[in-house]
Amino acid sequence: MQNRRVKLLWLSAIACNGNAHSFLNYPNLEQFLKDFSFVYHPILESLYSLEDIINKQVECDILLIEGAISPEFKKANTPIINLISKYANIAKKVITIGTCATFGGIFKESGYRFTTGLHFEKEKELFLFSSLKDKTISLSGCPIHPEVLVSTLYAIKEDLELHLDRFLRPKEFYAYTIHSGCTRNEYFEYKIDNHQFGRLEGCMFYEHGCQAPFSHGSCNRILWNGVNSKTRNGEPCHGCTEPDFPKQNLFRTKKNMGVPQFLPLGVSKRAYLTLAGVTKAFKIKRLEEDLF
Amino acid sequence: MDKKEAKRVEIINVALELFATKGFYSTTIPDIAKALNMSVGNLYNYFKSKDILAKEIIKYISHYLGNKLKEINMMPISTKEKTKKIVEVYFETAKNRPHMIDYFLRVYLSNREVFKDGCEGMICVSEFVTEIMIYFEEGVRRGELKNQDFFSAFGLFMGYLGGMVFLKGENILPKELEEYIDDISNNIYRALSAK
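Respectively, the protein sequence lines represent chains G and C.
So that you can map any letter, position 253 of the first sequence is 253 in the working numbering, and since no number is skipped, the others follow by simple counting.
Numbers in the working numbering are just positions in the second sequence, counted from 1, shifted up by 292.
Worth flagging that the hints you see were computed from the coordinates, not collected in a lab.
Among the hints, a few may not be true.
[Claimed, not checked] Ranges between beta-carbon positions, derived for each pair:
(1) G:Q248 - C:A486: 14 to 24 Å
(2) C:R433 - G:G198: 26 to 36 Å
(3) G:N25 - C:E363: 48 to 58 Å
(4) C:A486 - G:F127: 37 to 47 Å
[Claimed, not checked] Computed far set for chain G versus chain C, every beta-carbon distance over 12 Å:
(5) K7
(6) P79
(7) Y112
(8) D193
(9) P243
(10) L265
(11) F292
[Unchecked claim] If the Cβ cut is set under 10 Å, some of the chain C residues that face chain G in the computed set are:
(12) K362
(13) C411
(14) V417
(15) E419
(16) E423
(17) R433
(18) F446
All C-beta atoms, glycine included, are put in the ideal place defined by N, C-alpha and C.
My request is simple: use the sequences and hints to build the entire structure.
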């Protein structure tokens, strides 16, 4: 696909179109559309209509699926799973865009029964589309970062090898935690929450529900709109890339007798508590004060 | 354990007994050296000052009790059973190694100025406190203990046990400590229980 425009078919299942909107914020859309074309997209101008892709079989290289999947859900009276099967079989690659298409996400709460992601229901692996696993890439996030989607598409176009994690997500973007690159790491290290929403001071892990230390993604490495991230801006990470997104009480850290229920990824409770005991014994005046 | 480490542990044990019985300020380095039958100079090779020795002793006690609690935490038993085992370990230690608990109550908690540099907060007792936190956290996670502020629960548990050992040390308790184990562990569990 190196020397030609790659044909994309963007299929929207049970979705809010948040990923499509996020994609529109990609700054180099003009160049992108020289290298890729949409044979079908639910909100962008494209070569074919929904009716065409249902009634005919149009050519496509990559099938993009946005939104959660249920056998009950139909597009123009056609079950979404039939449409997925039809195009996934001819496409060279399938990408699940967003947490709903990957794990079921927030639309697991929709009225449709058996709502799941393409290959996963939360952490549980599914078998309906297992023959597609070898060609699937998962891009979780609510929404996905446009840079993550576009970079993945270019990697496919250029035939580059992508290393995937157990949920089929490219490690390039998902091997890190959201915590990596957060500007509040000093406050995290010395266990100072002391936070007010929107303010620059304090780490939100201890009281305010921040899930960055145990959620996978690149929000603090590839900034949103090139300038910021939720945690840098003063709002806790809600773990939107994770199989169990959304949890409940997103603005409060769930604690058992003062110990956070979810600890930084891979850190044992004993190690965490030992370290916490040491850092909490000291008062760092500079970190207790306002920055400005 | 190599010879030097064995000597270090011996010094800690002898010193903690002297500190616990005679008091921190009434015990001198020459007293400790004499009890060990070693020279003062040689003792300083192991511990550079009385304050440093005092801090090493509390870490040693925390390590000793922390390990006992870790064994209990690793057992596949209910939080109620763990509660009883922790009470047993604490009273057993008070009976068989009474100076350890006395040191904690009468030296560490009573002479805070000695421990202010190097033992800030709960650093020097962190091995013990960490295991208590794990016991609490897992109890809440399993739905057996009520979720509450750590210190409300910690104070109830440790204050109670410390108080009983203190009363025993003052010869006020009419019965042996172990005869109180069932009642006390039931009281603690009922006070902390989610039900």
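Comparing the hints with the structure gives:
no. : hint                        : in the structure
1   : G:Q248 - C:A486: 14 to 24 Å : holds (19 Å)
2   : C:R433 - G:G198: 26 to 36 Å : holds (33 Å)
3   : G:N25 - C:E363: 48 to 58 Å  : holds (55 Å)
4   : C:A486 - G:F127: 37 to 47 Å : holds (39 Å)
5   : K7                          : holds (50 Å)
6   : P79                         : holds (41 Å)
7   : Y112                        : holds (32 Å)
8   : D193                        : holds (15 Å)
9   : P243                        : holds (20 Å)
10  : L265                        : holds (18 Å)
11  : F292                        : holds (30 Å)
12  : K362                        : holds (8 Å)
13  : C411                        : holds (9 Å)
14  : V417                        : holds (9 Å)
15  : E419                        : holds (8 Å)
16  : E423                        : holds (8 Å)
17  : R433                        : holds (5 Å)
18  : F446                        : holds (9 Å)
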